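Q: Use these hints to put chains B, C, D, E, F, G and H with the ligands onto chain A, whose structure you have.
Protein chains: 8
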Amino acid sequence: ARRGYPEAVYCEGKTPDQVRAIAEAVRDADQGEKPGGATLFTRCSDDHLDVLSHVFSDAAIDETARLVAWPPAPPAPVGGPVVVVCAGTSDLPVAREALLTAAYLGRHCELVVDVGVAGLHRILARLPVLRAARVIVVVAGMDGALPSVVAGLVSAPVVAVPTSVGYGAAFGGIAPLLAMLNACAPGVAVVNIDNGYGAGHLAAQIAAPAASSD
Amino acid sequence: ARRGYPEAVYCEGKTPDQVRAIAEAVRDADQGEKPGGATLFTRCSDDHLDVLSHVFSDAAIDETARLVAWPPAPPAPVGGPVVVVCAGTSDLPVAREALLTAAYLGRHCELVVDVGVAGLHRILARLPVLRAARVIVVVAGMDGALPSVVAGLVSAPVVAVPTSVGYGAAFGGIAPLLAMLNACAPGVAVVNIDNGYGAGHLAAQIAAPAASSD
Amino acid sequence: ARRGYPEAVYCEGKTPDQVRAIAEAVRDADQGEKPGGATLFTRCSDDHLDVLSHVFSDAAIDETARLVAWPPAPPAPVGGPVVVVCAGTSDLPVAREALLTAAYLGRHCELVVDVGVAGLHRILARLPVLRAARVIVVVAGMDGALPSVVAGLVSAPVVAVPTSVGYGAAFGGIAPLLAMLNACAPGVAVVNIDNGYGAGHLAAQIAAPAASSD
Amino acid sequence: ARRGYPEAVYCEGKTPDQVRAIAEAVRDADQGEKPGGATLFTRCSDDHLDVLSHVFSDAAIDETARLVAWPPAPPAPVGGPVVVVCAGTSDLPVAREALLTAAYLGRHCELVVDVGVAGLHRILARLPVLRAARVIVVVAGMDGALPSVVAGLVSAPVVAVPTSVGYGAAFGGIAPLLAMLNACAPGVAVVNIDNGYGAGHLAAQIAAPAASSD
Amino acid sequence: ARRGYPEAVYCEGKTPDQVRAIAEAVRDADQGEKPGGATLFTRCSDDHLDVLSHVFSDAAIDETARLVAWPPAPPAPVGGPVVVVCAGTSDLPVAREALLTAAYLGRHCELVVDVGVAGLHRILARLPVLRAARVIVVVAGMDGALPSVVAGLVSAPVVAVPTSVGYGAAFGGIAPLLAMLNACAPGVAVVNIDNGYGAGHLAAQIAAPAASSD
Amino acid sequence: ARRGYPEAVYCEGKTPDQVRAIAEAVRDADQGEKPGGATLFTRCSDDHLDVLSHVFSDAAIDETARLVAWPPAPPAPVGGPVVVVCAGTSDLPVAREALLTAAYLGRHCELVVDVGVAGLHRILARLPVLRAARVIVVVAGMDGALPSVVAGLVSAPVVAVPTSVGYGAAFGGIAPLLAMLNACAPGVAVVNIDNGYGAGHLAAQIAAPAASSD
Amino acid sequence: ARRGYPEAVYCEGKTPDQVRAIAEAVRDADQGEKPGGATLFTRCSDDHLDVLSHVFSDAAIDETARLVAWPPAPPAPVGGPVVVVCAGTSDLPVAREALLTAAYLGRHCELVVDVGVAGLHRILARLPVLRAARVIVVVAGMDGALPSVVAGLVSAPVVAVPTSVGYGAAFGGIAPLLAMLNACAPGVAVVNIDNGYGAGHLAAQIAAPAASSD
Amino acid sequence: ARRGYPEAVYCEGKTPDQVRAIAEAVRDADQGEKPGGATLFTRCSDDHLDVLSHVFSDAAIDETARLVAWPPAPPAPVGGPVVVVCAGTSDLPVAREALLTAAYLGRHCELVVDVGVAGLHRILARLPVLRAARVIVVVAGMDGALPSVVAGLVSAPVVAVPTSVGYGAAFGGIAPLLAMLNACAPGVAVVNIDNGYGAGHLAAQIAAPAASSD
Ligand SMILES: Nc1ncnc2c1ncn2[C@@H]1O[C@H](COP(=O)(O)O)[C@@H](O)[C@H]1O
Ligand SMILES: Nc1ncnc2c1ncn2[C@@H]1O[C@H](COP(=O)(O)O)[C@@H](O)[C@H]1O
Ligand SMILES: Nc1ncnc2c1ncn2[C@@H]1O[C@H](COP(=O)(O)O)[C@@H](O)[C@H]1O
Ligand SMILES: Nc1ncnc2c1ncn2[C@@H]1O[C@H](COP(=O)(O)O)[C@@H](O)[C@H]1O
Ligand SMILES: [Mg+2]
Ligand SMILES: [Mg+2]
Ligand SMILES: [Mg+2]
Ligand SMILES: [Mg+2]
Ligand SMILES: [Mg+2]
Ligand SMILES: [Mg+2]
Ligand SMILES: [Mg+2]
Ligand SMILES: [Mg+2]
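Chains as they are written, first to last, in my numbering: chain A, 2 to 215; chain B, 2 to 215; chain C, 2 to 215; chain D, 2 to 215; chain E, 2 to 215; chain F, 2 to 215; chain G, 2 to 215; chain H, 2 to 215.
Since the hints were made in silico from the structure, they are not lab data. Just so it is clear, the structure is predicted and the values come from calculations on it, not from any experiment. It is possible that some hints are incorrect.
Claimed, not checked - Using 20 Å as the maximum straight-line C-alpha spacing, the simulated SDA-like pairs for lysine to any residue come out as follows:
hint, chain 1, residue 1, chain 2, residue 2
1, G, 15, C, 65
2, G, 15, C, 63
3, H, 15, H, 54
4, E, 15, G, 168
5, A, 15, A, 26
6, G, 15, C, 64
7, G, 15, C, 93
8, F, 15, H, 90
9, G, 15, G, 62
10, A, 15, A, 25
11, C, 15, A, 25
12, E, 15, E, 46
13, B, 15, B, 51
14, H, 15, D, 46
15, H, 15, D, 14
Chain A extracted, bound-state conformation:
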């Protein structure tokens, strides 16, 4: 965890028993010590979700994002608004992981779905919400063209997340990753393939309330 931000437990590759042990430690350690700040459990399998809902009776569980947060309430939002954009249902798990991460790091967040490059009118229809954002997270697979288009429309920085959606020459996300690294509009920051957590974290840092010196 970064200095001053909540902890996240990356569950992929951990056994349910390992996750249970961590969760119990989190639950028991929380007695007063870290009164604010949820712990996030990311990339949860069904078994992980099961274990976590037993350890925490009141956890916030998002089945699409495969993310669990406890304590369940995100902090009251400060800083600028974070907008998360994606084209459709296949990119939704990554988009929601980014959204929830930024929310639990204390930002006001909004999700814009069904916005794809092959249908420009739908993007243009959402210009007001895009232009109000302090930072925009754009989640996209296949040709990875959406961040270029969005970055061309706004002045805020764009955090681009390639996804492993697709087949053949998508190469598990390499195609959109390369496209995003070569975005023809400046202002595009790239994170790892499918890394919704990292994108949300970065967006929350970017949209953090300005220090007094800023």
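A: For chains B, C, D, E, F, G and H with the ligands alone, coordinates are given in the frame of chain A:
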């Protein structure tokens, strides 16, 4: 050369002397034999241009496309209109190679430049010419996003040409090549990196006059 | 879906429940609204086929292509003939996906199988049907050599589809993809690995009836 | 150029004559129209520098960054401080390109050099300046380890720029690019290899003065 | 097996029956012949562990490292101390495989866990044990930055083992492999991805007692 | 050099002085010692050719293949006939290198040029010479389709040599290399990109006179 | 199937029912038509073996090579001897597939196992059998070094088969494939990864009885 | 520079002026301060050599290794012997860079050339010197097979250096790099392609005199 279409001589990797020999054979063989149909010399270096302007006193020379045609006059156009689109000067050599190839194969051609993904309004301003095309050749480097956007706006097929413009993770054209193979709009045909000749040829075939049975 | 063409639902990566919901929406929305034009469901698993045959009592189901169409009747064909070619049974699912897509987009289609590069006589025996096509879709894995050979024999454009058939240095379709991008005959358009849908869509656009201006 | 930010001309791949034409247009257009905001010329060869120093008698020229700005004065800085970090002289051209870009976009910038992963004490000695930054640009080649280390020490977002410095398995910047995409500390945004301009632009957007709503 | 070192049986890809046959041969051959020197069985599945615990009633079994040794007692350690370092639980199987291999080759070994690049203070806290080592094995996935940092702190050689932990652009261990090959501190030796056995073997050879001539 | 075959000196990467020294040693050592068997100098630059023509007054020099042989006379041919096939002038240097190597290893050789996949009739016209070969070397760049076609027409083994001719997705010969490794006809042996020497050597070994036991 | 050689059915990717249908056709067609020449079924799963043993009561089944031949008797061997070499049990399936293929194509075959680069004495001990071969098939994974060593010891051509054995930077056989393409001894022919069938076929063609003209 | 070892200046990518400035600083700083320990200048171009021979009147210059050392005398050797092995002249620059680096770090070094995998007898003839080494540096390009063979013959650790020698599928050293990472004998440590400096440094650390506790 394809059945019924003009010959093309690919000059890259040939010595000026080799090109001269081919050109002289073309000039001398043309006595009546193949009365219509120019021969194209593609990817000419300055030395090649020099040699060819000596062999053919009246060749058509395009310095941007590095292409020479002889006899210089393209055939009277038949079939549907071909539109060639690119974002800027770096992609222009490839775009013009496509344009000229299609023209010498007998199509009516139009060039649309300065149309990029990061400035949607410029694309939208050219919708009428795009929608009038029988086929559109889209030339793009870097994120290779332009074919997806164009294909989403028209019903005609799009021939996408990735270019080697860019640096770093553009990997000499791999980034736009992959993006185009994963275009999120259907109707995108891809050719080799920088292959303006192939794109123009393909476009001319697609826009060929319909046979009586069609 | 492209302007004026039917919708397609890409089922891979969707749960049976998600596909059911989409299918029910399609079925219910069709009350008069879009009287012509089938919806295609592509890349269906057995579970998807099951769900779809329950939602639509009269859907057209192709188990080889893993494709479902509803309403089941393709439109009366217009435009030029589309010919789909492949070497054998392993490439058949992709070939049939291309064939059915073009048919549901309103083209007359013909399938030519068992035509491989290692047995030229079988290709030469099919020359009449190949030369009658307005566009030819060539589906091939391994060395991806078939499009070069076919393109050398006809004047129509060739849409080449690499398949992930093979092992080792086939690299899941990279070998034929590269071969096709480097086809030594001009007139070869390439789509993504295993992308029969895209190839059929593109072929239907290429073989569309000429506009009056063409 | 992004909405509200200065224009940049990417000179690589342009002839000196093309650059001269653009520069003259910039110089002549500036009569009152865009009173603030310098135009940046990036990736200038010696010939480009020569041409530009003739067109603009008073341009700001940085030979290390290969960057020219005109009018020469950057705007008065607003927003938060940008810190640019690199390990040594080989990464300096990219680092300075980032620094100058951010400065001409209106940020207060500071450069920290000679800070490498193999000598932790030098990084730790600069902690106060690092912790005062609103955003840190970290430029690194070879193992690309520096952004992970820096991101672990601060709460601000880190913009990581891989460089093509090195040989063999550095693969022209692929090694640090991959390392940065897999940074073990969250909060690392990655841009293209050697893309100092993009990093500086992004940093300026991140450190922009907060809107009143933030 | 190397001259003078124990044999190792790589179980991955062998059926339980094949492993049983080898194990029985080892057990029966050991009658007096090779009185010292355990045989190692590496990369054991649960089925392999099962078979081996039946063939050898007294084998040493490490479930984390998936390694079995018989006879169970490692030799009395000679030569210099080997320290094995990793950042967390995901790298532990590889780290323990290295540790046990070096121990069964006759070295004194120590394991240092929970030492990551994003938390420098934890590394610095372990400096005394790191500086006492004759050789350090550093196991790391993701950005593979840990060997560079460790090598910068000590004079002993570092054996770096990239792991396949991570996702997306970690590419199954390619990212840390490349980072390690480009370590910015000299003195880093790299072995194959996940190759804990090879790293432990190499470390044992490096830390072997000096010959009289040294 | 293989047991019983002539030596070859690979000149690429050697200075003219280094080549001169080797050539003088060859010339002086040949006094009676190895009365038969020429030494081959391959991949000669113009400078290398110059040096070699001075050391050997009577060397055989092939400027296309960049190959020098001394003594100049190849041995009287034994074994079966070797046929070398390629499509055009760009592949000729590699084809001639193969041809000459096989000839100097003692085989009867024939060269067939201007035989490409896009013009099947030219291949079919050469069937008699192809079917008379004991082994066929097929040199091809771009789509690398020629070996598949040739191997489908004959019973003899085919040695396939990919060339680095082409651009873009030819990737310096990777495209034809992969195609050849995936040749859809059995009986295709592959050597390194541009490795005419290796192909000629292998062909000479395959076509060697049968031992009495064969 | 090549001209004059038996047919092979590649079963991977075929359903048991598809294989059954082919097998029944083979069985029923064999009534007198092709009295000599077995049909080979390669890459059989357990289910394929099951089906084939029901269709053919007397098939030859090799469980290691996953190969079935019917009629079961190979032809009486003619031509030169084929030797197949590999280092151990992991490469045995590929080695046996090569061996059986060559045998059913009519060659005398011998298998040499347990011969690895790390134990030169074992190779040297088998020199007589290696030197008696007309062609040697060398099967190897990991570093793919064995073909170089073997080719340096004999005058016969070597057919090298990389295998997908190994992990990490073996990259499913890419490591030995590249090593073999760069073998430092001439006379090494490479086939696809794991392609024992292709290697055996090629070896049988190379060792075929010389034609009268040879 | 590592703790306790001499400094090295990597000259590639530095201008002659930059190298001169560093060299003058080294010369002037040496007044008493660091009485032992030469500074190494590696990867020197002809211009760098020129500059350095002017700054240091008595530098040790190795034109093959492109390495300059000053003060010129290496320290009196301590620790175990380092043996550097390579196959021929193309690998010699890297081999000598390793040799000199180890010598200037205080080891006794020996060079063994003309030892290749295709001629085993030459390796076997050098067994005594190989077996006397405390560590062996093996430099090899192409198939990268030499380290596997050497490691199989000795008990000492092997440091393997892939070189960029070769063409085509050697891919600038990737082929031997992968082979070495997959060496079939344990005890092989790999460094970056062409990294003779790193290999020599690592070898010197491995062969360092044992601490009293060892
Ligand atoms: N979904 C995720 N993707 C990438 N990194 C993550 C994710 N979730 C957590 N992390 C990072 O992984 C760290 C926890 O790893 P671990 O200690 O193995 O649970 C956290 O501090 C985060 O930096
Ligand atoms: N610029 C080009 N890019 C790709 N292929 C080309 C180009 N120009 C010509 N060709 C193809 O190359 C063939 C001529 O090659 P060549 O005989 O070597 O001159 C023509 O028939 C075209 O198919
Ligand atoms: N194990 C194998 N590996 C590679 N190619 C094979 C193999 N077995 C058969 N083949 C080839 O595949 C062809 C049969 O393919 P199919 O018609 O799909 O059964 C044969 O003619 C052989 O050329
Ligand atoms: N030939 C070389 N190959 C790789 N690394 C080197 C080489 N020479 C010097 N180095 C490393 O580069 C550092 C010096 O880099 P620099 O400060 O840019 O001269 C040294 O401390 C060494 O760690
Ligand atoms: Mg923007
Ligand atoms: Mg469209
Ligand atoms: Mg054609
Ligand atoms: Mg931080
Ligand atoms: Mg150190
Ligand atoms: Mg054949
Ligand atoms: Mg040999
Ligand atoms: Mg050894």
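Q: Now tell me, hint by hint, if it's right for this structure.
A: Now for the hints, and whether the structure bears them out:
1. Taking the CA atoms of residue 15 (chain G) and residue 65 (chain C), the gap is about 12 Å. The hint holds against a cut of 20 Å.
2. The suggested pairing of residue 15 (chain G) with residue 63 (chain C) holds, with an alpha-carbon distance near 18 Å, which does not exceed 20 Å.
3. Using a Cα cut-off of 20 Å, the hinted pair residue 15 (chain H) and residue 54 (chain H) holds, with the two alpha carbons roughly 17 Å apart.
4. Taking the CA atoms of residue 15 (chain E) and residue 168 (chain G), the gap is near 14 Å; set against the 20 Å cutoff, the hint holds.
5. Among the hinted pairs, residue 15 (chain A) with residue 26 (chain A) is consistent with the structure: their alpha-carbon atoms are about 15 Å apart, no more than 20 Å.
6. Simply put, residue 15 (chain G) and residue 64 (chain C) have alpha-carbon atoms about 15 Å apart, close enough for the 20 Å limit, and the pair holds.
7. Among the hinted pairs, residue 15 (chain G) with residue 93 (chain C) is consistent with the structure: their alpha-carbon atoms are about 12 Å apart, no more than 20 Å.
8. Between residue 15 (chain F) and residue 90 (chain H), the direct Cα distance comes to roughly 8 Å. Compliance with the 20 Å bound is thereby established for this hinted pair.
9. Of the supplied pair hints, the one linking residue 15 (chain G) and residue 62 (chain G) holds, its CA atoms being roughly 18 Å apart against a limit of 20 Å.
10. Only pairs whose Cα atoms come within 20 Å are accepted, and residue 15 (chain A) paired with residue 25 (chain A) is accepted, the gap being roughly 15 Å.
11. Distance hint between residue 15 (chain C) and residue 25 (chain A) is unfulfilled; the C-alpha atoms sit about 34 Å from each other, more than 20 Å.
12. Distance hint between residue 15 (chain E) and residue 46 (chain E) is fulfilled; the C-alpha atoms sit about 10 Å from each other, no more than 20 Å.
13. For the hint linking residue 15 (chain B) to residue 51 (chain B), the alpha-carbon distance of about 14 Å falls within 20 Å, and the restraint holds.
14. For the proposed pair residue 15 (chain H) and residue 46 (chain D), the alpha carbon gap of about 17 Å is at most 20 Å, so the pair holds.
15. Between residue 15 (chain H) and residue 14 (chain D) the alpha-carbon distance is near 24 Å, which puts this suggested pair outside the 20 Å criterion.
Going through the hint list in order, the structure does not satisfy hints 11 and 15.
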